[in-house]
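A.B. asks: Letter by letter, the chains look like this.
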Amino acid sequence: MARQVTKQRKIGMTVLAWAVGLLIFFPILWTFLTSFKTELTAISIPPQFMFFDWTTENYSTINSQANYFHFMANSIYLALGSTLLGLLFAIPAAWAMAFSPTPRTKDILLWMLSTKMLPAVGVYIPIYLLFINLGLLDSRFGLIVVLFLINLPIMVWMLYTYFKEIPVDILEAARMDGASLRQEITQVLTPMAVPGIASTVLLNVILAWNEAFWTLNLTTTDAAPLTAFIASYSSPQGNFYAKLSAASMLAIAPILVVGWFSQKQLVRGLTFGAVK
Amino acid sequence: MSIKVCLRAGAALGALVAVTVSATAQESTTITVGTVNNSDMVRMQGLTSDFEEKNPGITVNWVTLEENILRQRVTTDIATNGGQFDVMTIGTYEVPIWAKQDWLAPLDQLGDSYDMDDLIPSIRNALSVEDNLYAAPFYAESVLTLYRKDLFEEAGLEMPEQPTWDFIAEAAEKTADKDNGVYGICLRGKPGWGENMGFLGNMAREFGANYFDADWQPQFESEGWKNAITLYVDLMTKYGPPGAASNGFNENLSLFGQGKCAMWIDASVAASFVTDPEQSQVPDQVGFGAAPCGTSDCPNSGYNWLWAWSLAVPNGSQKQEAAQKFISWATSKEYTQLVAEQEGWANVPPGTRQSLYENQEYLDAAPFAQATIDAINSADPEPTDDKPYYGLQFAAIPEFQGIGTAVGQQMASALSGSTSVDQALSQAQAIATREMTRGGYIE
Amino acid sequence: MATQNTTKVARAMMAPSVIALLIWMIVPLAMTLYYSTLGYSLYNPISTPFVGLDNYTYFLTDPTFIAALTNTLVLVVGVLIITVGGGILIALLLDQDVYGVNVVRLLVIAPFFVMPTVAALVWKNMMMNPVYGVIGQAMSGLGLAPIDWMTDVPLTSIIIIVAWQWLPFATLILLTSLQSLSADQKEAAEMDGAGALSIFWYITLPHMSRAITVVVLIQTIFLLSIFAEILVTTNGGPGSQSTNITYLVYQQAISFGDIGAASAGGIVAVILANIVAIFLIKAIGKNLDA
Numbered sequence: 001m002a003r004q005v006t007k008q009r010k011i012g013m014t015v016l017a018w019a020v021g022l023l024i025f026f027p028i029l030w031t032f033l034t035s036f037k038t039e040l041t042a043i044s045i046p047p048q049f050m051f052f053d054w055t056t057e058n059y060s061t062i063n064s065q066a067n068y069f070h071f072m073a074n075s076i077y078l079a080l081g082s083t084l085l086g087l088l089f090a091i092p093a094a095w096a097m098a099f100s101p102t103p104r105t106k107d108i109l110l111w112m113l114s115t116k117m118l119p120a121v122g123v124y125i126p127i128y129l130l131f132i133n134l135g136l137l138d139s140r141f142g143l144i145v146v147l148f149l150i151n152l153p154i155m156v157w158m159l160y161t162y163f164k165e166i167p168v169d170i171l172e173a174a175r176m177d178g179a180s181l182r183q184e185i186t187q188v189l190t191p192m193a194v195p196g197i198a199s200t201v202l203l204n205v206i207l208a209w210n211e212a213f214w215t216l217n218l219t220t221t222d223a224a225p226l227t228a229f230i231a232s233y234s235s236p237q238g239n240f241y242a243k244l245s246a247a248s249m250l251a252i253a254p255i256l257v258v259g260w261f262s263q264k265q266l267v268r269g270l271t272f273g274a275v276k
Numbered sequence: 001m002s003i004k005v006c007l008r009a010g011a012a013l014g015a016l017v018a019v020t021v022s023a024t025a026q027e028s029t030t031i032t033v034g035t036v037n038n039s040d041m042v043r044m045q046g047l048t049s050d051f052e053e054k055n056p057g058i059t060v061n062w063v064t065l066e067e068n069i070l071r072q073r074v075t076t077d078i079a080t081n082g083g084q085f086d087v088m089t090i091g092t093y094e095v096p097i098w099a100k101q102d103w104l105a106p107l108d109q110l111g112d113s114y115d116m117d118d119l120i121p122s123i124r125n126a127l128s129v130e131d132n133l134y135a136a137p138f139y140a141e142s143v144l145t146l147y148r149k150d151l152f153e154e155a156g157l158e159m160p161e162q163p164t165w166d167f168i169a170e171a172a173e174k175t176a177d178k179d180n181g182v183y184g185i186c187l188r189g190k191p192g193w194g195e196n197m198g199f200l201g202n203m204a205r206e207f208g209a210n211y212f213d214a215d216w217q218p219q220f221e222s223e224g225w226k227n228a229i230t231l232y233v234d235l236m237t238k239y240g241p242p243g244a245a246s247n248g249f250n251e252n253l254s255l256f257g258q259g260k261c262a263m264w265i266d267a268s269v270a271a272s273f274v275t276d277p278e279q280s281q282v283p284d285q286v287g288f289g290a291a292p293c294g295t296s297d298c299p300n301s302g303y304n305w306l307w308a309w310s311l312a313v314p315n316g317s318q319k320q321e322a323a324q325k326f327i328s329w330a331t332s333k334e335y336t337q338l339v340a341e342q343e344g345w346a347n348v349p350p351g352t353r354q355s356l357y358e359n360q361e362y363l364d365a366a367p368f369a370q371a372t373i374d375a376i377n378s379a380d381p382e383p384t385d386d387k388p389y390y391g392l393q394f395a396a397i398p399e400f401q402g403i404g405t406a407v408g409q410q411m412a413s414a415l416s417g418s419t420s421v422d423q424a425l426s427q428a429q430a431i432a433t434r435e436m437t438r439g440g441y442i443e
Numbered sequence: 001m002a003t004q005n006t007t008k009v010a011r012a013m014m015a016p017s018v019i020a021l022l023i024w025m026i027v028p029l030a031m032t033l034y035y036s037t038l039g040y041s042l043y044n045p046i047s048t049p050f051v052g053l054d055n056y057t058y059f060l061t062d063p064t065f066i067a068a069l070t071n072t073l074v075l076v077v078g079v080l081i082i083t084v085g086g087g088i089l090i091a092l093l094l095d096q097d098v099y100g101v102n103v104v105r106l107l108v109i110a111p112f113f114v115m116p117t118v119a120a121l122v123w124k125n126m127m128m129n130p131v132y133g134v135i136g137q138a139m140s141g142l143g144l145a146p147i148d149w150m151t152d153v154p155l156t157s158i159i160i161i162v163a164w165q166w167l168p169f170a171t172l173i174l175l176t177s178l179q180s181l182s183a184d185q186k187e188a189a190e191m192d193g194a195g196a197l198s199i200f201w202y203i204t205l206p207h208m209s210r211a212i213t214v215v216v217l218i219q220t221i222f223l224l225s226i227f228a229e230i231l232v233t234t235n236g237g238p239g240s241q242s243t244n245i246t247y248l249v250y251q252q253a254i255s256f257g258d259i260g261a262a263s264a265g266g267i268v269a270v271i272l273a274n275i276v277a278i279f280l281i282k283a284i285g286k287n288l289d290a
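Residue numbers (full-length UniProt numbering), protein chains in the order written: chain A, 1 to 276; chain B, 1 to 443; chain C, 1 to 290.
What the hints contain is simulated information worked out from the structure, not anything from laboratory work.
One or more of the hints may lead you astray.
Below, in silico cross-link-like pairs of lysine-lysine (DSS-like), each with a Cα-Cα straight-line distance of 30 Å or less [claimed, not checked]: (1) A/Lys10 to C/Lys186; (2) A/Lys164 to C/Lys186; (3) C/Lys282 to A/Lys106; (4) B/Lys100 to B/Lys319; (5) B/Lys54 to B/Lys333; (6) C/Lys282 to A/Lys7; (7) B/Lys174 to B/Lys100; (8) C/Lys8 to A/Lys10; (9) C/Lys8 to C/Lys286; (10) A/Lys7 to C/Lys8.
Residues of chain C clear of chain A, computed beta-carbon distances all greater than 12 Å [stated by the list, open to error]: (11) Ala20; (12) Thr61; (13) Thr70; (14) Val77; (15) Thr171; (16) Ala188; (17) Leu197; (18) Ser198; (19) Pro206.
Treat the numbers as computed from the prediction; the structure is a model and nothing was measured.
Note that beta-carbon positions come from the ideal geometry of N, C-alpha and C, so glycine has one too.
Input sequences plus hints: build the corresponding full structure.
C.D. replies: And the structure:
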């Protein structure tokens, strides 16, 4: 009897979960489908769901117009570069805040977040002038630094929250067992910290990948990432839904794939199931 | 090894590198061209190899961006002397302002075979300051009334040679069939100085009103503006499509192409899209009429729109010669010929050269050619006694972008019904007065 | 435990981040403060006279300023309610024993990977367009009049789009927090005869409080400066119905080319954001200590 109820409940929950999941995913699915339509099918009434003549024409048109791989390479470069730089700065800071907190720690954390409050458009011209003087316009290095700086507060925050979850008891237990500081770090702390670091990395790669103000306005050709690629397909003259969809799929596909493959680690990383 | 030797070796190596670099630099120049993602420009990008073959040593880097983003990029870059672009795609609005700021280099190296006198005079004037050409026209447009011949026939209507707004209103009423998804008229509603204000500024002129009077006082509360906007809101509410306040050129193009609009008054370049079977479901049913003029008389002869997307070289560019060579190629007769060979005559960039409109092949391939050239020829953007600024659907002063966009928002607000026409216009007047005062035009 | 030595080490570890952010804060802030006192038009960069506080009066007396301020707050609060509320519900759902939970999780997370501009374009054109958008079509199919989203309910439309983008973030953080709640605790409560609702209220929710605080704080920072979504969909209109402070600053900087006023606007935005932040910290900051 009880089993019956749980089973029914599970089916009910499954249906509900799938409905919610599909509803949230629908715009992306629709974009995916539209990217294989012709421009006229894309705006046909009533909308065609699956049963239309699938065509890859949009993808080949886009490929002949722009060097997608150049933009993609830049996106990867910027996302990874800024994230690595961020880790280098954020891990020690978050570590210190989590394990040797002072009364001011919380203030510093909040102050860090407040550096993100100046709206980018408000400082656009000053920063542009600064970049001209430093010769950093359209350079990947300049952008990596900017992306690193705007995401640093978030990185410190995320890492701090994760590190904070690592129970200090375990450290003390290890010490009782006579572990050296080095053993403490490599054998006890690192394994527990890695999942948190992994999910912070992923979050930052996503944020850097999607950042569309500075990456668009401080680049021209050499350093232009996928946000600039999208900007050449958003609302051109003429019907554009199908081509825009194809360009959008190309722009989000790499990050979507990475995100999906790592989401299991991501969730596991956030739970710390083992230690709790 | 002493430090001295090291230094010397270093210096020698440096010199060697410098020599090599400058030698290669002479052999190959890379120019960066910033352009809009309109189809004519995308086509030009596809033909780059022809230019590079004819001009060995020059390679072209393209930066193709959506209009607003491109404008933001090039404006920032030229105003701060960033030097990121060698060729910029700009319009008739920017050219006089930027030339005055000494931001643009005069185009004096276009070559002997360029035939500058072949450029359509009104366009050439629009891009010249004191007889120097500061930008070369890539394609140009005016305004047309596009209508569905089949729907007009059903309703027993015939498009007059010079329609009036009274006629347009009547036709909209007769052709509208909202229950079957056919709207009598589709017009721009999306706010922006180059979006709804391009159309509304033009419509207001057809009713005899300008943006500013001779003393730079904004005119939004004048009779002409009131009549124009009242009619516009009335027509669109009764016979227009839903969501009109966010419809720009593209949205209307989709609607018209879907056979949902009986009439559409917009940039003449629309004609080539709605007659293209790949873009439109009604390619054979489209008629081209002149833009309507005001109800009682025709105060400004009906044609009040002139725009040319043009190529210019910023003064800050280090590669003036290569940049001008590129412009010369892209706006030449040979380029037109090249596009015709590769993509057909209907796809050549319109509106810039007189010779194109004497070419029978083009006239045969493009049913909208005559209407387009008529419209362009009769549009006169020069300042007059009662209009102190250059421009028709825009006013070529730096403040206009901001004013136009803010006023455009008010018009969209009136169209959506959230404010009345009178309220919207008085708000518009207040906004414009505030800005013009800040700009020092009026007290 | 925090001996003097560890405190020193801790300081040294924090220093690089703190210094980097200090520079990143001070340099733009100082430049913006400087420009905010100049009459600097992008179209006339040669003459930039000192104008004192003129730019501030100009920006603050903008007829749309009050509307923009209200819209900013409505936008932030609206998105927070949807994402935190929806995030808790979806997290609870995904915490259940469900067939194919991994796939469902993927579906829910996906919007976070979509660039803001793409998300806005897709929603505006393919979902919300009253004539050929999917929602409009579905409503016509049901015999309802399609909603003209961008015209009739512009701010709500933007809230929906932004909430769609941030829902995965909230869900993910809340889900992980939920999963760290030990089953023992719940079972113990069940044994005591507590109902599902009271377990949620007295055990689950308090357990998630820190996660909720983190979500609220981080999202607020991003939501205060929402910009791309407005630019792509409504351009702040009709009228000023969907203009927020950031968009107002954008209009000054880009459409008017008025760098002085835009800089003043930037400073005003920073001050407002700090007020919001202080208020938030007062309200929920204690959860961070837990």
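A.B. asks: Are the hints correct? Go through all of them and say.
C.D. replies: Here is how each hint holds up against the structure:
1. Proposed proximity of A/Lys10 and C/Lys186 is supported: the alpha carbons are some 18 Å apart, at most 30 Å.
2. For the proposed pair A/Lys164 and C/Lys186, the alpha carbon gap of about 23 Å is at most 30 Å, so the pair holds.
3. Straight-line distance between C-alpha atoms of C/Lys282 and A/Lys106 comes to about 13 Å, which keeps the hinted pair within the 30 Å bound.
4. This hinted pair checks out: B/Lys100 and B/Lys319 have alpha carbons roughly 21 Å apart, not beyond 30 Å.
5. Annotation: proposed proximity of B/Lys54 to B/Lys333 holds, straight-line Cα distance about 15 Å (limit 30 Å).
6. Taken as a hint, the C/Lys282 and A/Lys7 pair is broken in the structure, with Cα atoms around 45 Å apart against an allowance of 30 Å.
7. The hinted pair formed by B/Lys174 and B/Lys100 fails the criterion: a straight-line CA distance of about 49 Å is larger than 30 Å.
8. Distance check on the hinted pair: C/Lys8 and A/Lys10 sit about 54 Å apart at the alpha-carbon level, beyond 30 Å; violated.
9. Among the hinted pairs, C/Lys8 with C/Lys286 is consistent with the structure: their alpha-carbon atoms are about 27 Å apart, no more than 30 Å.
10. For a cut-off of 30 Å, the pair hint linking A/Lys7 to C/Lys8 is broken: about 57 Å separates their Cα positions.
11. Look at C/Ala20: its CB is around 6 Å from the nearest CB on chain A, not clear of 12 Å, so calling it non-interface is violated.
12. No Cβ of chain A comes within 12 Å of the Cβ of C/Thr61; the nearest lies about 18 Å off, and the non-interface call holds.
13. No beta-carbon of chain A is positioned within 12 Å of the beta-carbon of C/Thr70; the least distance is around 17 Å.
14. Its beta-carbon lying about 17 Å from the closest one in chain A, C/Val77 satisfies the requirement of being farther than 12 Å from that chain.
15. Not every Cβ of chain A is farther than 12 Å from the Cβ of C/Thr171; the closest lies at roughly 9 Å, contradicting the non-interface assignment.
16. Every beta carbon of chain A lies more than 12 Å from that of C/Ala188, the smallest distance being close to 15 Å; the non-interface claim holds.
17. Against chain A, the non-interface label of C/Leu197 holds: every CB pair exceeds 12 Å, the least being about 16 Å.
18. Remark: the non-interface label on C/Ser198 is consistent with the geometry, its nearest Cβ contact in chain A lying 19 Å away (cut-off 12 Å).
19. No Cβ of chain A approaches the Cβ of C/Pro206 within 12 Å, the least distance being about 16 Å, so the stated non-interface status holds.
In the structure shown, a violation is registered for the earlier hints numbered 6, 7, 8, 10, 11 and 15, in ascending order.
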